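Student: Chain by chain, the residues run as shown.
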Amino acid sequence: MQAEIAVAEHPREQAINIMYAVQGHYGYLPDEGLLEAAELLDLTPLELEELATFYDFIYRRPVGKYVIHVCDGVVCWMFHENSVFEYLCQKLGVCAGEISADGLFTVLPTACIGFCDHAPAMLVNGRLYGPLTPLLIDEILEKLKTEYCDLVVCK
Amino acid sequence: MPKLIIDQRSIEVPAGTKVIAAAEKLGIMIPRFCYHPGLGSFGACRMCAVKFLEGPVKGIEMSCMEDARDGMVVSTTDPEAMEFRQYVIEWLMMHHPLDCPVCDEGGHCLLQDETVSGGHGRRRYLGHKRTYHDQYLGVFVQHEMNRCIHCWRCRNFYQGFAGYRDYGAMQIGNRMYFGRYEDGPLESPFAGNIIDLCPTGVLTDKPCRFVGRRWDFERAPSLCLHCSLGCNTTGSARYRQMWRQEGRFNEMVNGYFICDRGRYGFAYESHPERPRRARVAGLEVAWAEAIQTAAEKLSQIAATAGPAAVACLGSARSSLETQATLQRFCRALGWSEPRYFSVPSQERQVKAAIARLEAPLAVSLREIETADFVLVVGADPVNEAPMLALALRQAWLKGGAVAVLDPRPVFLPFEFEHLPLAPGDLEAALEALTAGAGGTDLLAGGSPWPLLPKIAALGRRLTQTQRPVIVCGTGIVRESTPGLAADLVLRLREAGLNAGLFYLLPGANAFGAGLLSPAGEGLTPLMEDLETGAVKALMVVENDPFWDYPDRGRLVRALDKLELLVALDYLPSPTVQRADIVFPTLTLFERNHSSFVNQEGRLQLAPPVHLGGMPMAQISPEKHPPRTFLSHIPGGEPRTPGEILAELAAAMPAPVTLPGDDLWDWLSRKNPVFANIVSLFESPPGARLIPEAVPAGTFSPAAAPAAAERPPDYLELLLVDLIFGTEELASYSKHIQPAEEPPRLRMHPADAAKLRLSSGDRVALRLLGGTLEVDLQVAENMAPGVLVLPRHRQLNWRLAPDYRVMVAYGDIVKVEA
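Respectively, the protein sequence lines represent chains Y and P.
Oh and the first sequence: position 29 is 107 in the numbering used here, straight run, nothing missing.
Oh and the second sequence: position 202 is 410 in the numbering used here, straight run, nothing missing.
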């Protein structure tokens, strides 16, 4: 990480990459990780926190193995028959941001993911899914639960 | 200059003016939250929407984001724009808790005003409101995040304008949170400004919490006396007590903002031990009796030992009226001329600076913001004159560069070049820069001074600029330094640059004191007169030598020889406690108008905020107005020194009437710089008491630049200022005291290594007057060969003969725990 920062013209440029790297290590960005990253980047904790909490894909609290980012964009809302978000929460027995009992899933809304032609859509482990129906969601969850795959932190 | 029409009225404004500012010039206040003239435009709140009817932009746009351009026709009252603004204010109010009755901002709240003016009266949103946890932000600022409307002003000031990095905006969208990473005091000494800036009650003044509504206060324009810059403030008093100070706009001095020392330093005014009654020999007596006793004793000493045996000591914190009246009084009675400084080196530095400040050279604080290169010599802006640091940052934000030549570990909230030069080397560097600006090749002589190439490089950069400013301090420098700084400015002007000069002085009215002090070395230092017994009676007017005289032992021995000590003051100072006769005086907030001259010679008037008297809280603990009626104000005995001196003169056995002619006439006969001041109230705003003409350059031939010689195995101890804890008035303020940092002795790592000391060690410092124990901090960014010690309230530092002394290695010892 230090090498990455060293090549940058301003250390701040590397803030996102460093936060992702720390998140890859811990599964989320814990306080001690943020403090350490801030020190490496020559930023105050507050300055890094401003960036960390701005982005949907940086998790400041523990999350499940898979974070389901449900598109909160206008087009997706137009195509919802029943709310995808609520269906997922109900299915997994969680509220937004919580970890499901098996430790696998966290459901979060996200800004438009650009998959409007397949609305309603969601993003899990770096893959886009849509158009979603309850049936399809069940299938996807089942597959994620049973099949092995490499974890994608950022894509 | 673009010309545009706003609401059927045309106006021409300078290019780059925003439409919202152009409208303001016409007296049209377009509603706004995020826009502030001191901070600029951000386009965050969407409240200033207007309709552009004709011209390069059409339709609804934000007036703070559009530059005024030719041909624009703008309507601020177009129904479409009004409807837009109505929706915006409804959205902004959606989560607002509507807790105005218990909110300190209620009554002067921009959000209240614009909710009403925007036409939003009925709440349609019935859902849950968003709530936050508040943070502890230190002793000055109260946080109440639920009221926030996300205008960004606080963050834009804190990080953008002031450059501090521990307060900001976290989260996104509706969840956005303005605060710190975690609870804790705000690190910026300018944090109080976010209280003034917050358009609603998120950030409120903690010491003034739950004290009153705006209309409950007596409010008046006032001045800050906590450094020499003379920032403008608005004071609020209630129940005979000052509660709050806010920044007041002054185009030439402080702009919109002030520092926290100026904002919260006022509480000396309501110090519980402040002298309120005349005292003779420690006992409170009737006013007339004290006057009679003082007049008798003073005239008796003058009669037996000669009039020169009675001396007066004025001060650099008194108003110009007090300073001048004191001089008139002494002359009328034939006593020796009053002194205004108890530290002779300070007096000489101030006079050296004033002698060289002329109108074409002097720049104001705000003019520094437009400089393209600022060279700061022997000054630590954040600690000595905090608002200067913000002015320098504005210059830097506009592309200017700042270089600091100072031995101390100087911090500024932006990138700057720091050459840590010891005093002595500073002067050599100034001479070298002057020679360099005159075309001398500094490196030709092959001087062994290792820092010379850096100084030469600085000099080359300096000559390539157009509007450089030289800032020169008077705290730790030699007495010749102000003159050398002026030489450099004159030489730069000869080279065709529009160079400016800016001094810092010790004391809010040090300039006035310097103007009235006799020229040259006319007087022997007061301390010597006291020691030889030449002075037998001393009258101290609003001064406290116990505060600033560096050698306490010598001071006490000298005062012991006195037959009579009379003190006139509003502080419960050691001098007042020691004095045989005490007359309480008024602070600048009370009853009378007073004027002060800031460090660039600017004469500024401070009207009274309230009538004075004992604060209600000190008379009736439940803060209820008294239930009995009196014909006088309780505790209202203090008078101005001018009134007291006139009473004293009249009570003398051979009564003297002070000349009745106008003070300003008298002053202008004395010194021509006063000539353009007709009277206090008619003086042109921004009049400066400095001569117009530039005398011909008087350059001393520059010696070959070389580092100053210093004895080996010695360190030079500098007694310096800190933002909190070293300034006299603010140190009596109960609001400032909890914000003080513990004082530390600072030392360069090379010296620390030689002495085998490290950060955190407790160190005993043996000085002439005794031993002082203090914690050590090793600082990389300071000059080697120098010790830096704050003249801190909590520290018994008054053990040295001057503010700069040499300390042998052997006299710095580690104290084992």
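Everything labelled a hint here was simulated from the structure, so no lab data went into it.
Please note that the accuracy of each hint is not assured.
[As the list claims (entries may be wrong)] One side of the interface only, derived from the structure: several residues of chain P facing chain Y at Cβ under 10 Å:
id : residue
1  : R363
2  : Q367
3  : G368
4  : R388
5  : E390
[Claimed, not checked] In silico DMTMM-like cross-links for lysine to aspartate or glutamate, where the CA-CA straight-line distance does not exceed 25 Å:
id : chain 1 : residue 1 : chain 2 : residue 2
6  : P       : K606      : Y       : D216
7  : P       : K606      : Y       : D120
8  : P       : K962      : P       : D983
9  : P       : K606      : Y       : E87
10 : P       : K606      : Y       : E91
11 : P       : K337      : Y       : D134
12 : P       : K337      : Y       : E87
13 : P       : K233      : P       : D321
14 : P       : K337      : Y       : D150
15 : P       : K606      : P       : D275
16 : P       : K211      : P       : D321
17 : P       : K337      : Y       : D180
18 : Y       : K169      : Y       : D180
Fair warning: this is a prediction, and the values are worked out from it, not measured in the lab.
For each residue, glycine too, the CB sits at the ideal point set by N, CA and C.
Student: A separate judgement is required for each hint: does it hold in the structure or not?
Tutor: Hints versus structure:
1. R363: At 9 Å from the nearest chain Y Cβ, P:R363 passes the 10 Å test, so the hint holds.
2. Q367: This hint holds: P:Q367 lies near chain Y, its Cβ roughly 8 Å from the closest one there, short of 10 Å.
3. G368: This interface hint is violated because 13 Å lies over the 10 Å limit.
4. R388: For P:R388, the interface hint holds, since the closest Cβ of chain Y sits about 6 Å away, which is under 10 Å.
5. E390: holds, 8 Å
6. P:K606 - Y:D216: violated, 58 Å
7. P:K606 - Y:D120: holds, 24 Å
8. P:K962 - P:D983: Holds: P:K962 and P:D983 sit about 17 Å apart, inside 25 Å.
9. P:K606 - Y:E87: holds, 21 Å
10. P:K606 - Y:E91: holds, 23 Å
11. P:K337 - Y:D134: Since the Cα atoms of P:K337 and Y:D134 sit roughly 22 Å apart, the hinted pair holds (cutoff 25 Å).
12. P:K337 - Y:E87: violated, 43 Å
13. P:K233 - P:D321: Answer holds: P:K233 to P:D321 is near 20 Å, not above 25 Å.
14. P:K337 - Y:D150: holds, 21 Å
15. P:K606 - P:D275: holds, 19 Å
16. P:K211 - P:D321: With Cα atoms ~30 Å apart, P:K211 and P:D321 exceed 25 Å; violated.
17. P:K337 - Y:D180: violated, 33 Å
18. Y:K169 - Y:D180: holds, 13 Å
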